[in-house]
Every structure is written in C-alpha cells, then in structure tokens.
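**Q** Keeping the supplied structure of chain A fixed, place chain B upon it in accordance with the hints.
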Amino acid sequence: MNNEIMKRRTKYRFIVPVIAAVALLCMFLPFANVNADSGKVTLSMFDLAKAYLSKDDSFAGTLMTSYGGLGVIYVIPFVTLILAIVLPLAFHKKWAYQCDIILGAATVVDVLTIFGSIARMINKTGLVKNEYLVKNLSVGFWLMLVVLVALLAVTLKAIKATWLYILLTVLSVVWVMPILWVVLISFREEPGSYTTTFWPQGFTVANYVKLFTDRSIRDFPRWFGNTFIVAIFSCILSTFYVLSVSYVMSRMRFKMRKPFMNVALILGMFPGFMSMIAIYYILKAIGFTEGALKLVALVLVYSGGSGLGFYVAKGFFDTIPKTIDEAAAIDGATKWNIFTKITLPLSKPILVYTIMTAFIAPWVDFIFAKVICGAENKYYTVAIGLWSMLEKEYIYNYYTRFCAGAVCISIPIAILFLCTQKYYAEGLSGAVKG
Amino acid sequence: MAKEGAKKKRAKDFVTEYTVKNAFTKGDVFTKLSAIVMGLGNFKNAQIGKGILFLLGEIAYIYYMAAYGINALAKLPSLGTHLQEKVWNDSKGVFEYVPGDNSLLILLYGVVTVFVTVFFILLWRAALKSAYKAQYCKENNKHIMTFKEDVATLFDKNLHKTLLTLPMAGIVTFTVMPLVFMISMAFTNFDRDHQVPGNLFDWVGLANFGKVLNIHGEFGKTFWPILGWTVVWAVFATFLNYIFGMVVAIIINNKKVKGKAFWRFCFILSVAVPQFVSLLVVRTMLQDNGAVNTLLHELGILASGTTLPFFKSTIWARVTVIVVNLWVGIPYTILTTTGILQNIPADLYESAKVDGANAFVTFFKITLPYMLFVTAPTLITNFIGNINNFNVIYLLTGGTPATLSYYKGTAGKTDLLVTWLYKLTIDNKDYCYGAVIGIITFILSLVFSLVAYRRTSAYKNEEGFQ
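Protein chains in written order, with my numbering: chain A, 457 to 890; chain B, 57 to 522.
Bear in mind the hints are in silico, worked out from the structure with no lab data behind them.
If you're wondering where the values come from, they're calculated on a predicted model, not measured in any experiment.
For every residue, glycine included, the Cβ atom is placed at its ideal position computed from N, Cα and C.
It cannot be assumed that every hint is accurate.
[To be verified] Calculated lysine-lysine pairs in the DSBU-like style (CA-CA distance at most 30 Å, straight line):
{"hint": "1", "chain 1": "B", "residue 1": "Lys-213", "chain 2": "A", "residue 2": "Lys-797"}
{"hint": "2", "chain 1": "A", "residue 1": "Lys-711", "chain 2": "B", "residue 2": "Lys-185"}
{"hint": "3", "chain 1": "B", "residue 1": "Lys-100", "chain 2": "A", "residue 2": "Lys-711"}
[Said to hold, decoys possible] Derived coverage of chain A by chain B (criterion: at least 3 residues anywhere in the stretch with Cβ under 8 Å from a Cβ of chain B; other residues may be distant):
{"hint": "4", "segment": "736-744"}
{"hint": "5", "segment": "841-847"}
[To be verified] Partial selection, computed: residues in chain A whose CB lies under 10 Å from chain B:
{"hint": "6", "residue": "Ile-733"}
{"hint": "7", "residue": "Tyr-852"}
{"hint": "8", "residue": "Phe-858"}
In isolation and in its complexed conformation, chain A is listed as follows (with noise of 0.2 Å):
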C-alpha cells in the first residue's frame, strides 16, 4: 500500500514542477491593457511586479495605491510559483504536495485579485462593464488561469485528495463569512451601518463597553435581564407541559387520545402568529400588556400552547420498553410513579434537549415579542432590542453595538444549541440500549 502511494508520488514528482513553470512562464506573456502616462500599455504580469518593486508609478498611479498599498500582491505569484516549483522537488514528501494544494490554490485567489484591482485602475470601471474581459485582458490572463486549474487537479491527484476539499472550502467560506463579518464589525471603530470600505478602518472594544454600560436610550442589559427571566420561567413551564403531553401520549391509552394528536396536527397548520394578534387582545382585556405584566404575558405566549409540540418527546419515551412500566407497576407502583422515579431518570437526553429548546426560544423567537412588547423599550426582550437598534434613527450609532450584542448573545445560544444538538442525536438513538 505505502509503496502504491510513494509510486504515484514519483509519477508526479516531476508533472507538478512543470506545471507550476508554465504557470510561471505565463506570467511574462502580456497580461492587461493599462492605462499609463504615455497611452495604452499592454504589460505582463512581470511588468507589474517590477513597477511595484522599483516604486514605479508611472501606470496610472494608482497601480499601488489600489488595495490601500497591498501591491504585493503583484509579487506574490511569482514567489508561492516558485515554492510550488521547489518544494515537491526537494521534498518528496506528502506534506510538499499538500503545501502545493495551498499555494496553488493561492495564486489562482491571487490572480483573480489582481484581474479586479487592474479593473479598477482602467476607466474606474468594473468588469461587468465595457465588455472588459475581451478588451483589456490578454492571452496571459487566461492561459495562466487554465494552468493554474490544472496545477491544483494534478497535486490533489499526486496525493490523491479529492477535489471536493476545494468545493468544501469555498463553501465554507461563503457560510462563514457573514458570521465573521458580525464578529469583525463588532470591534469596528468608525460607527454607520455603512461604509466604503470592506476592511474596518480601526479596530476598539468601545462597542462591548458601551453596549452594557451606556443604558439612557437603548438598555441593552437590562433586555437581557428581561429575556432572562422570561425564559427561565417559560422553560420551566414548557418543559411540564411537553414531558406531561408526551408522557401522555405515549404511555396512556384513553378515548380521546388520537383525536387529540390529530387536533394537535392540524392546529400546527395555522399560521403561527394568526392567534397571535387575538392573543394580544386577549391579553389586553385582561390588562396583561401595561409595565412589568408584559413580561408575564410573555411567559404565557411561549408556554402556552407549548403542549403541541410533543412529537419528539413522545417519539423518545416511545422507545423505552413497556416491560419496565409492567414490572414496575407490579411492584405496586402507580403510574405517576412510574412517570416520575422511571421514565423521566431514563430520559435524561430528552429532558436536556426539552429544556434547552424551551429556554433558547424567548431568546430567539422576534415576532411574539414585537407584537406583545409594543413601543414601552423597558420591557423589550434582547432579540426586540436588537432589532430596534437597527431602526433609521438609531442605525447610524448603534449598528456596531448592535454587532456586539449578536456577538454576546449568539455564542452562548450556539453553544446552548450544539450540546441541544447533541442531546437530540443521542434521543434518537433510543433511551435502554442492549
């Protein structure tokens, strides 16, 4: 087997240096038509690299202010090439291969990089426009792509990696990077939702600070505190209620039985928040909406009708075997014994993702708060609050703050939600194993 591979590895020992070379080699063909001083200019990528390096800036002069200084990347090419040369050549290692991967893979995000700052530089136009790809770029441009692609498939193929790593990573990115970005806007120094460059000018903790400490227009810790005891109390509630239904549902035979769980199917099919508005006015005749009772208006919104969604608990208490319930019962224990000193200890996986789901939703859920929260700030949940920063009025100064505050509560709901996650898949797999 070992020798299989260290067959394959020398079979490509020396394609991937050549490939890398005539990559290299493209990058002394004509590259783009630039703009410069004297008239259209068609220059190669070597032309670039050595105007950046002798501070030449005769081409249009704004080769190297483009991406705020960072010419080097008109340089980087011919360095991570030559690595990519080198390396599989002195080391005939797996790790060489795999430094390949990378430095291939960098070039071609390198070059697409410049393919853009060049665009820039020409007419300030981007390259959607002025059928830019068939004007300005020449046969360098695509040739060096097109080997570039095949560097990357012949050196997954020498250490046979799939290429599905570079769909991953692409992918990865594109799910990553909103998220990141909340975390990188959340130090950001300059405030506005807005602003002309991608890249954060400065970087401060100032959001995080203020955030809990200027509390005169928009209070963050105190929606914290609110949420956190409307989602104390509606846990507690909701989990009584989803353990007693599905406990119910699942153990006990009585008349009513199924047509409850069909009730329970087709009340799942009206739009949520439909009951929502006559809930508010129910509340309201019952002047749960004034001050603090909101909070508690709240509670009762979010346990409420939570006894429908049993299907899970149910499905898990479902897999516990009925001989335990029998041999108990035997012993003379009642039912509720058998609830409460059988079932519910066996159910530990169950009872933790019941409880946790119960406790994020206050955290979570927008729509019930907007409606029950109304104008009164001092009573907002945090998700309520947040959203509210983000009003025209506010979205100018609160927008970072507003970062930071997903920031603090998205982490420990992520965390919540992973070992939620966890505990589900546990559930699933049955409670007496053997």
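**A** Frame of chain A, contents of chain B only:
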C-alpha cells in the same frame, strides 16, 4: 379492511356503561335530577367531595353567566348597536365622549363565553356520568369510590387527566380560543374603516372571502399574485434546500473527505446563530452600500457607482430571498439527513458502481428515491413551514420592493401570504382581511399535506426499500 377492524377494536376498548344516555334511560330520580342540580347523585351515594365540586362548578357557571355571560351572548349577534357619541358638556364647556359598544370586546367576551359554556357542558356530562356510575355501583353492589380513592386514581389510572389539565388549559387559552376569535373576525367587517372604539363593526358573512378571492377586485389583484409567489417560493425553498443540502451532506460523508466534524461545524455554525441575527446581518450586507457591494467595488468587479440591486427589482429580490434561504436552510438539511444518508445500504451503491453508474445517476436513482422515501413527512412539514415562513421574508426584505399595484400598498413583491397577513393586521388594522388570508393559508397547508400524505403512503405500499 384490517385497518377498519383495528379502528373498531380501538373504539371498543373505551366502551363504558356510564354514558349520558344510560344516565337518562336507566338512572334513578337522583341521577336524573343531577342534570339540574349537578352532584346530587353523588351526594346521595356518599360521594360528598365529588358532589361539592360538581355543585361548585355549576354555581360558578351560573354566576358567570348571570354576571357577564348572558349579556355577552346577547350582544354577540349584533356586535353592539350604540355608537360612541360626542356630547356637549355645558358645565365644562367641552365635548365629551360617551363610550358606546365596543364590538371587539363584545366579540371577545362572546367567544370566551362560548368556550366557558362548552367547558360547562363537558362538566355537566361528567356529572351525569359520575352520578349514574355511583348509582350503578350501588345497585350492583360494587365498591363506590371515596373522594380519597378518586384522587389516588388521578395519579394512577387517570394520570392522563392530571397531566393533561394544565397543558390543555394552555392550549385552549393560547391557541384554540385565539384561533376561533380570529377566525370569527373573518366574517365581520373589522377593517381600517371600522375601528373600535370609535366605530362598530358587524357580521358580514362570507363577503370578505368573496372580496379576497374575486380576481378582478382590488383585493383579488393582490391576493392571487401573492398566492402564486407563495407557492413558487415554497416549492423552490423546500426542494432546492433539500437537494443542495443533501448534496453537501453527501460530499461531507464522502470516504475521501477527511475532517468531517470540521466541515460539518462550518455549516452548522450558521444554524446555531439566532436566525434574526443572521438574517438582519445578511440584510445589511446586501444593501446598496452594504458589505457585499462594497467588497465587489473593492475587488473591482463592479464599477463604482453601480450596485447589484439585491432588494430593488422584483426578480432580483425574489432570487435573493431564495438564495439567502439556501444559506439558512442547507445546514438544517445537513443536520437532518446526515444520519439517514449513512443508513442507505452500501450494497445498493456497490451494485450501481458495478453497473457503471456515475455520481449523478447514483444520486438520482438511488440516493434521492431512498431519501424521499424516508424523509417524505419531513419534506411535507418543511413545505408547510415555508408557506408560513415569516422570518426569512420579514427580516430580509420586509416584503420590498413595494408596489402600488397591490391593495393600498399593503404588500410588496416578495411578500408571502403570511407576511401580508402580518402587515394587514399589525400595520394596517384590516383585521377581517388578515383573518381571511390566515384561513386560506391554513386551507392551503391542510389540502397540500393531505394530498401529499396520501401520495406518500400509496408510494410506500407500492415499493419499499425495506
């Protein structure tokens, strides 16, 4: 046939001697009188505690009806007749408002009274049955349960009654009753021109349904396009998420891919972040001067001054929400399908490989049918969920781009029926139309899932992977 038998058997399991009918036909005078004075039969047979409870229930109901109920029910058919009046107060020299009837409260109290009455009827039936049971036990020399024993059964044989009481109360108060209240609004003219307390509203029968469904009317011109978009959205959102999510899950499951936990984590992370956070962030990122356009400018892909109109044109906005929903939904699909994908019998794949099937053929001939077979119910739930997907649309576009071709500008081009319902009720106070939309959405979900479930079960019987 077998099913029918099972059904009969199930019904038979709960057959009991103690029915209301028997109480009237076979009961003695005390049992029969229990229909008027609840608990009487129990008193006679020494079930004092139970009897007192029934009696208290009856007294409470009578008191409630006398104090509020009758009044509420009496006004229910008219929903109020006295309009709020402006009266000149001579001594103060100002106009004063004399409160009239409040149709909304009348409707609310009416609905509550109906529920209280239904509950009372159930209690009344229970009282009759209980009275007859006591009599029956006595006649047949069976043991008559004492109050203490009755309470004890609540923790044993009748545990379901104990455990279900509170959850049921919650469900009835916070789900069923509000729904009935809201549904009854669909049959009134409680719109922006009939706001309480200044105005009264009235029953109008099915007129609202007619208005909404009439394709030539002002409302129909909004309703049908929105319904169309809702269905298109639900189809795309459900199936694209399903297929792409499964493809990603398959890629991660691929034998050659190492670091499965890491890749999975990258995707799951976006599920773990509260949806309102991620959606609001994506919304700001996709604005004209948001992060995505800024980045495209910086990379030189877009000319400065031009922007990608993510939420500006109808087509762009609709595609954008579907694509962003992919971002939201694919991780969920990965979460739910990974385990099932690993359960697909490996020999199916091996024989396909032997037959020379490539990845596409294997996916469409083996993976997809198998997954559809196993996850059809989830898929149906997802579809219903997407018809009612409020969060994504409301937080992302808020229904924009706005258009005047829709009813009084209440909806935009990406609005679903649910978000339109929200805007109609919360923003525009057209409650009756909102209720109609809600009912129609419900019917849509119900019909769809009934049809789908039937088809999946037919499918199940035809061929199986098991």
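**Q** Does each hint fit the structure? Answer for all of them.
**A** Hint-by-hint comparison with the structure:
Restraint check: the Cα-Cα separation between Lys-213 of chain B and Lys-797 of chain A comes to about 17 Å, which is no more than 30 Å; the hinted pair holds. A hinted pair counts as satisfied when its Cα atoms are at most 30 Å apart, and Lys-711 of chain A with Lys-185 of chain B qualifies at roughly 15 Å. A C-alpha spacing of about 29 Å is found between Lys-100 of chain B and Lys-711 of chain A, which places the hinted pair at or below 30 Å, so the restraint holds. By the rule of at least three residues with a Cβ nearer than 8 Å to a Cβ of chain B, the coverage given for the segment 736-744 of chain A holds, with 3 such residues.
Counting residues of the segment 841-847 of chain A whose C-beta sits closer than 8 Å to any C-beta of chain B gives 3, which meets the bar of three, so the coverage hint holds. Given the 10 Å rule on beta carbons, the hint for Ile-733 of chain A holds: about 5 Å separates it from the nearest Cβ of chain B. A least Cβ separation of about 12 Å between Tyr-852 of chain A and chain B goes past the 10 Å threshold, and the interface hint is therefore violated. Below 10 Å, beta-carbon pairs count as interface contacts, and Phe-858 of chain A has one with chain B at about 8 Å; its hint therefore holds.
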